[in-house]
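Protein chains: 2
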Amino acid sequence: MPLKIDVAIAKTNKYASRESGDTVEIVERPGGGISIILADGQGSGRAAKTLSLLVTAKVSALLKEGVRDGASARAANDFLFAMRNGQVSATLDILSVDLKTGTVVITRNSETACYIRTDDGREVSAGVERPLGIHPRTRPWAAEVPIGPRVRVILVSDGITNSGRRTGLPPLDLTTISANAGRQATAADIADLVLGEAIARDTKKPADDMSVVVLTLPEHQQTTLVRRMGAEVPLP
Amino acid sequence: MPLKIDVAIAKTNKYASRESGDTVEIVERPGGGISIILADGQGSGRAAKTLSLLVTAKVSALLKEGVRDGASARAANDFLFAMRNGQVSATLDILSVDLKTGTVVITRNSETACYIRTDDGREVSAGVERPLGIHPRTRPWAAEVPIGPRVRVILVSDGITNSGRRTGLPPLDLTTISANAGRQATAADIADLVLGEAIARDTKKPADDMSVVVLTLPEHQQTTLVRRMGAEVPLP
Chain A
1 MPLKIDVAIA KTNKYASRES GDTVEIVERP GGGISIILAD GQGSGRAAKT LSLLVTAKVS
61 ALLKEGVRDG ASARAANDFL FAMRNGQVSA TLDILSVDLK TGTVVITRNS ETACYIRTDD
121 GREVSAGVER PLGIHPRTRP WAAEVPIGPR VRVILVSDGI TNSGRRTGLP PLDLTTISAN
181 AGRQATAADI ADLVLGEAIA RDTKKPADDM SVVVLTLPEH QQTTLVRRMG AEVPLP
Chain B
1 MPLKIDVAIA KTNKYASRES GDTVEIVERP GGGISIILAD GQGSGRAAKT LSLLVTAKVS
61 ALLKEGVRDG ASARAANDFL FAMRNGQVSA TLDILSVDLK TGTVVITRNS ETACYIRTDD
121 GREVSAGVER PLGIHPRTRP WAAEVPIGPR VRVILVSDGI TNSGRRTGLP PLDLTTISAN
181 AGRQATAADI ADLVLGEAIA RDTKKPADDM SVVVLTLPEH QQTTLVRRMG AEVPLP
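In order, the protein sequences belong to chains A and B. So the first sequence is numbered by my numbering: it starts at 1 and just counts up by one. So the second sequence is numbered by my numbering: it starts at 1 and just counts up by one.
Extracted from the complex, chain A is given alone in its bound form (with noise of 0.2 angstroms):
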């Protein structure tokens, strides 16, 4: 049967605070399938917004060029660096489906949790590498698994991994979440667990920006394919 690529995205804003510093973009590639853009700016509020959109920006630019990823995350990380002498930085995650390649790539120059099962369901182990800005030379950790139905992928900002630090508890898995979440679930389901879990970790008060991206790859039966986008922003 065929797939479906389907893609959530749920974020809240520090609390008390108006702006989030974290951005999320979707773009089409050019060669086919989607990439989201998680970047999130050092620190919070305006300044951290501009930062991060500056970010994705350039990032999403690059890939409807047809840049591949790797060198997209290499290019912000320069472009940082050079526009603000290395004095800020901000983490970035690249989620492509590449239907040119038929795989799934995650590039990520982050260092907090992230949660990838491939086809076979195997966890793959993230790693770890220094946000962008601050050195000339940073490069990406990255990861290729090939598309297929039980593959999934949780990306999350720092403010998702360190929920609950004030009050002592250990780091949120993301295994277990996903664990719980059952075989069904839709990339959404996944997505609000994940960000409520964290934001019942912070008491309801979230300490920081948090935002969640979620890929699910699930079969689907559809004769007359329909794409479908939506955005849902609840205004204070």
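I should point out that these hints are in silico values taken from the structure, not numbers from a laboratory. Only a predicted model underlies this, so the values are computations on that prediction, with no experimental measurement involved. Hints should not be assumed to be uniformly reliable.
Same chains, same label: a pair holds when it works inside one copy or across any pair of copies.
30 angstroms max Cα-Cα, derived DSSO-like pairs, lysine-lysine [unchecked claim]:
| # | residue 1 | residue 2 |
| --- | --- | --- |
| 1 | LYS4 | LYS100 |
| 2 | LYS204 | LYS100 |
| 3 | LYS100 | LYS205 |
| 4 | LYS205 | LYS4 |
| 5 | LYS204 | LYS4 |
Dock chain B against chain A, hints included.
Here is chain B on its own, set in the frame of chain A:
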């Protein structure tokens, strides 16, 4: 009660065509709010896709730099005219929820129907403007309506408007579909209704690429504000 920006996009390809010539992109506005960009490249298949990607990429890059919508549309025209010597055209619709001005802004270089309902229930009749790329000084048509819970906007590509033409049906009527959808309909409900109707009118074999973009602004009661985005891409 506070409002929620609710946006949905539904798309399908021309029957037996691998690629859609329509591209839709969602971007975050640096001043607050979001914009949806819909471009329909002349023709169909690969060339039309590249063209519409080029237009949305240009417009999204400008919007993310804070450039106003009308100036972005003008720039996209001049860019396309310069790059392709006035030989190819593309239609462009930009739908923005601008939190700085508290308004919904619709900017169009397109001749297809669209549906705009203001908060006081008035229906704005959409103006027609020539597409991008053919003339050196093309300007967009624009409308601006205050944000409010009854606002509803439906934008479509010409594959939707022209559905049923082969079998001699009258043009698809967005006003009737919107009325039938009822008060509580979400953006996703309305997008599915419009696309479903258009596919049915083409007897399940779309004669052209079809895209629909819907905006509603319902009230919400969330205490922890969670933003959500999602994308579903069924593969053949």
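Hints versus structure:
Taking the shortest Cα distances, LYS4 and LYS100 sit within 30 angstroms of each other inside one copy (15 angstroms), while across copies they are farther apart (37 angstroms). Taking the shortest alpha-carbon separations for LYS204 and LYS100, only the inter-copy value of 28 angstroms comes in at or below 30 angstroms, while the best intra-copy value is 42 angstroms. Taking the closest pair of Cα atoms, LYS100 and LYS205 come within 30 angstroms of each other only across two copies (26 angstroms); inside a single copy the shortest separation is 43 angstroms, beyond that limit. Within a single copy, LYS205 and LYS4 get their C-alpha atoms only as close as 35 angstroms, which misses the 30 angstroms cut-off; across copies the closest is 21 angstroms, which meets it.
Within a single copy, LYS204 and LYS4 get their C-alpha atoms only as close as 34 angstroms, which misses the 30 angstroms cut-off; across copies the closest is 20 angstroms, which meets it.
Of the numbered hints stated above, none is contradicted by the structure.
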